[in-house]
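Asker: These are the residues of each chain, in order.
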Amino acid sequence: MELQSLIYLFVGLSFALYISIAIWARAGSTKEFYVAGGGVHPILNGMATGADWMSAASFISLAGIVSFIGNDGGAYLMGWTGGYVLLAMLLAPYLRKFGKFTVPDFIGDRYYSSVARTVAVICVVFISFTYVAGQMRGVGIVFSRFLQVDINTGVIIGMAIVFVYAVLGGMKGITYTQVAQYVVMIFAFTVPAIFLSLQVTDTFVPQIGFGSKIAFQFDDGVKMIDQGTYLLHALDQSITDLGFGAYTVSATGSFNVFMLTAALMLGTAGLPHVIVRFFTTPTVKGARISAGWALVCIAIMYTTIPAVAGFARINMIKNLQNVDYKEFVSGESKHLDGTMNNGTWFKTWESSGLLAWNDRNGDGKIQYAKGDAFVGKPKFTGEFGPSGQRLTSNPASAHTQSAEEMRASGKIVNEIYVDRDIIVLANPEIAGLPNWVIAFIAAGGLAAALSTAAGLLLAISTSISHDLLGNVIFKDPVTGRSTMSEKAELRAARLAAVVAILIAGYLGIYPPGFVAQVVAFAFGLAAASFFPAIIMGIFYKRMNKEGAIAGMLTGLIFTFSYIIYFVFLGGNKADYLFGIAPTGIGTVGMILHFIVAFIVSNMTPPPPAEIQDLVERIRVPRGAGAASAH
Amino acid sequence: MNSNAAEAYWKENIATILKLLVIWFVVSYGCGIIFVDELNAIEFAGFKLGFWFAQQGAMYTFVVLIFVYAKMMERIEEKYDVHE
Chain A
1 MELQSLIYLF VGLSFALYIS IAIWARAGST KEFYVAGGGV HPILNGMATG
51 ADWMSAASFI SLAGIVSFIG NDGGAYLMGW TGGYVLLAML LAPYLRKFGK
101 FTVPDFIGDR YYSSVARTVA VICVVFISFT YVAGQMRGVG IVFSRFLQVD
151 INTGVIIGMA IVFVYAVLGG MKGITYTQVA QYVVMIFAFT VPAIFLSLQV
201 TDTFVPQIGF GSKIAFQFDD GVKMIDQGTY LLHALDQSIT DLGFGAYTVS
251 ATGSFNVFML TAALMLGTAG LPHVIVRFFT TPTVKGARIS AGWALVCIAI
301 MYTTIPAVAG FARINMIKNL QNVDYKEFVS GESKHLDGTM NNGTWFKTWE
351 SSGLLAWNDR NGDGKIQYAK GDAFVGKPKF TGEFGPSGQR LTSNPASAHT
401 QSAEEMRASG KIVNEIYVDR DIIVLANPEI AGLPNWVIAF IAAGGLAAAL
451 STAAGLLLAI STSISHDLLG NVIFKDPVTG RSTMSEKAEL RAARLAAVVA
501 ILIAGYLGIY PPGFVAQVVA FAFGLAAASF FPAIIMGIFY KRMNKEGAIA
551 GMLTGLIFTF SYIIYFVFLG GNKADYLFGI APTGIGTVGM ILHFIVAFIV
601 SNMTPPPPAE IQDLVERIRV PRGAGAASAH
Chain B
1001 MNSNAAEAYW KENIATILKL LVIWFVVSYG CGIIFVDELN AIEFAGFKLG
1051 FWFAQQGAMY TFVVLIFVYA KMMERIEEKY DVHE
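So the protein lines, in turn, are chains A and B.
Per this note's numbering, numbering through the first sequence is continuous, rising by one, with the last residue being 630.
Per this note's numbering, numbering through the second sequence is continuous, rising by one, with the last residue being 1084.
Derived from the structure by calculation, the hints contain no laboratory data.
Mixed in with the good hints, there may be bad ones.
[What the hints assert, rightly or not] Quick list of in silico lysine-lysine cross-link-like pairs, PhoX-like style, CA-CA up to 20 Å:
(1) 285(A) / 1071(B)
(2) 1071(B) / 541(A)
(3) 1079(B) / 285(A)
(4) 475(A) / 1019(B)
[As the list claims (entries may be wrong)] Here are a few chain A residues that face chain B, going by a calculated C-beta distance under 8 Å:
(5) 203
(6) 207
(7) 228
(8) 232
(9) 250
(10) 251
(11) 261
(12) 299
(13) 302
(14) 615
(15) 619
Backbone N, C-alpha and C fix where the C-beta goes; we use that ideal spot for every residue, glycine too.
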C-alpha cells in the first residue's frame, strides 16, 4: 500500500481505538473524573503514567538532542527518569495515604490555609499551561508533516480528539486511553530502533547494539572507519575528525550537567499531573509499585533513545558525507559495499524545512562537519540550484573563503542544516525501512502528544473545579465543606476542561515564540514550588503555614525572575549566578525554598495538633481507604 | 497499632530511604556526572563506563531501586503491623 494511505489507516485506527475506550470508560462521578475511581491496577497505572509523562518532546525531539550533544544528553535521560525514584520513596505513598484528589488539596489541608491552596492552584495552572502549549504544537506538527494538512487544522483535529476523551471520560477515560496510547507509542519507537540496530550492528536489542561493532565500513570524509569497529569508537573517531567534540566526552562541564539533571529530577517529582497519577491506585503499596512500573514503561523508551541517537549519527555521516547530491536524491548513489544509498528522503524533508543543503564549495557534493551551513533556519527562495537543491536566502555564516579556496584547502566545510527532530521523524526513511514502520511512527508521535496534553488538561480543570471553586470560592465558612453538589462540581470540571482545551488550542495555533524555553520554566517552577512544600509537609512535622507559604513564594519568585531575566529579557550569560544556566536554576530555587521555609517556621508558632495528627496518619499505610473528597 | 510501633516504623522507613537514595545518587550524579571522566578510562563491551552509566546504567538502577524499596517496605510494614 502507498505510504500516505498507510498513514491514514494507522492514525485513523488508533484514533478510533482511543474514542471507543473513552466512550466505554465514561466518568459518572467526581471520583471517577478526578482519580479514575481509585481502582486502577498498578501495571496499567504505570503504563498510563508513562504515556502521560512521555510527551511529543520525548518522542520526537529527545533522540535528536542526545544525537547532537552526545554524552551530556545523559542529563535529560537521567533527569527525566531519576525523579521517579524520589516520587516512589518521598511522595507517592504518603500522598496516596492522604487520600484526596489533587496536589493543592494536600498543600491546602496540610498547611491549613486557603492562601497556600490558592498559591498551589496558580502553580498548577501555570506549569500545566506552559507545558500543554508545546504539546498542542507537537500535535499540529505531526499532523502537518505526516497527514499533509496545515498545522492549524492539525491542532483543531487534535483538540477535538482530546475533547472527547478528557471531557467525557475524565481521569477514568484518560487513564484507559493512555494505556492504549502507551502501547502504540512504545511499539512505534522500539520497532524502528530494532530495525536500525540490526542494520548498523547486526544486533537485535538496541541497548546492546549501541555498544556493539558496526556492520559496515564507511568514509567519514577524513578517514576510513573499518567494519568491526565498536559503534561508539566509530562515532568518537568520525565526529572528532569532523571538528566536533568526542561523542562520549562531556562538553559543557560537570557542574551545569549536574544542576540541569537535578532540576529535571526534582521538577519531575513536583509536576502535578504526574503526582496525581498516584492518587488513582487502590492502596499505598500500589502507589509504590505503580511508580516502579511507570519507570519500567518509561525506561523501555528512555534506554532506547540513546541507542537510536548513536545509530542515527553514524547513519548520517555514512549516508551523506561526500555524496553527489543529484545522484543521491534520485536514488542512484551507492554505499562502499555496493548497496544502494537512496536519498529520496532528503528531498521530502527538504520541502518540510527540516533539512537544507548549501553547496558552499560548489562541488555538487554534500559535506557534513562542525559549523553552520548558513545563519538561522532555512528560508527557501523557491528557486533551485544546479544540482536541483532548494536554494536559501539566509546570510552566509562567518567564513571568508571563496568556493575555490574551500575546495583547494581540502578541509571539510559544513554544508547541511539539520533540524534535530529529523532524527526520529526521518530515521526510518533514512534507513530505508518499510512504509508501515513510517506510518506507525506517525501514530506514535500523535499518541505521545495527545496523551500528555490530556493529562495536563485534566490537571488544570481539576484544579479549577475542585480546588479553586469547590475548596476556596464555594467553601462554607461554618462547616468548611464545599457548598457545591457533586453534580455541579462534575459539571464545573467538564466546563473547565472545555475552556482549558480552547486555550491550549489557541496556544497551539498562535504559539508564543518560546515554547522550547518555556519547558525549562515548567520544570524549574515545579522543582522550586511543589517538591519542597510536599516533602516538608510529610517529613517535617514542625513545618507550619507561615513557613510553607514563605518558602513557596521564595522558590517561585526567585526561579521565575531568574528565567524571565535571562531567557526573555536578554540577560547576559556572564551574569549567571555561579555560572548556572536558567534550565538548571530550579535546583537553586528549591534549596532557597527549604532554607526560607525552615527559618520562618521556626520563628512562628507550630502547626495545630490536628495537623500534627494528620502528618502522623499519612506516614503509616494502615487505613488507606479509597481517595475521597471529604 | 500503637504510636511506638508507628514511630519505630517511621524511623526504619527513613533509614531505608536514605540507604537507597545514596545508591541513587552514586549511580547518577556520581558515576554519570562527577566521576564520568575517571570511569571513562574503564571500558567494557564497547562502552566507556562513565558514559554507559549516564545513558543506560543509571536508568536500570533506578528501576531496580523502586522495586527493592517496595519489597523492603512490605517487610517492614508486616514487622510493625502497620500494613493495609
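Asker: So, for every hint listed, does it hold in this structure?
Answerer: Status of each hint after checking the structure:
Taking the CA atoms of residue 285(A) and residue 1071(B), the gap is about 9 Å. The hint holds against a cut of 20 Å. With a CA separation close to 26 Å, the supplied pair residue 1071(B) and residue 541(A) exceeds the 20 Å bound. Taking the CA atoms of residue 1079(B) and residue 285(A), the gap is near 15 Å; set against the 20 Å cutoff, the hint holds. Distance check on the hinted pair: residue 475(A) and residue 1019(B) sit about 43 Å apart at the alpha-carbon level, beyond 20 Å; violated.
Interface hint status for residue 203(A): violated, as the beta-carbon distance to the closest one in chain B is roughly 10 Å, over 8 Å. With a least beta-carbon distance of about 6 Å to chain B, the hint placing residue 207(A) at the interface is held under the 8 Å criterion. Interface hint at residue 228(A): violated, since its Cβ lies 11 Å from the closest Cβ of chain B, which is beyond the 8 Å cut-off. Interface restraint check for residue 232(A): the shortest CB-CB distance to chain B comes to about 6 Å, inside 8 Å, so the restraint holds.
A least Cβ separation of about 6 Å between residue 250(A) and chain B falls short of the 8 Å threshold, and the interface hint therefore holds. Interface restraint check for residue 251(A): the shortest CB-CB distance to chain B comes to about 12 Å, outside 8 Å, so the restraint is violated. Among the interface hints, the one on residue 261(A) holds; its C-beta lies about 7 Å from the nearest C-beta in chain B, closer than the 8 Å criterion. Satisfaction of the interface hint for residue 299(A) is found here, the shortest Cβ-Cβ separation to chain B being roughly 5 Å, below the 8 Å cut-off.
Annotation: residue 302(A) was flagged as interfacial toward chain B, and the flag holds, the nearest CB pair being 6 Å apart, inside 8 Å. Checking residue 615(A) against chain B: minimum C-beta separation of about 10 Å lies over 8 Å; hint violated. Among the interface hints, the one on residue 619(A) holds; its C-beta lies about 5 Å from the nearest C-beta in chain B, closer than the 8 Å criterion.
Hint violations for this structure: numbers 2, 4, 5, 7, 10 and 14, all remaining hints satisfied.
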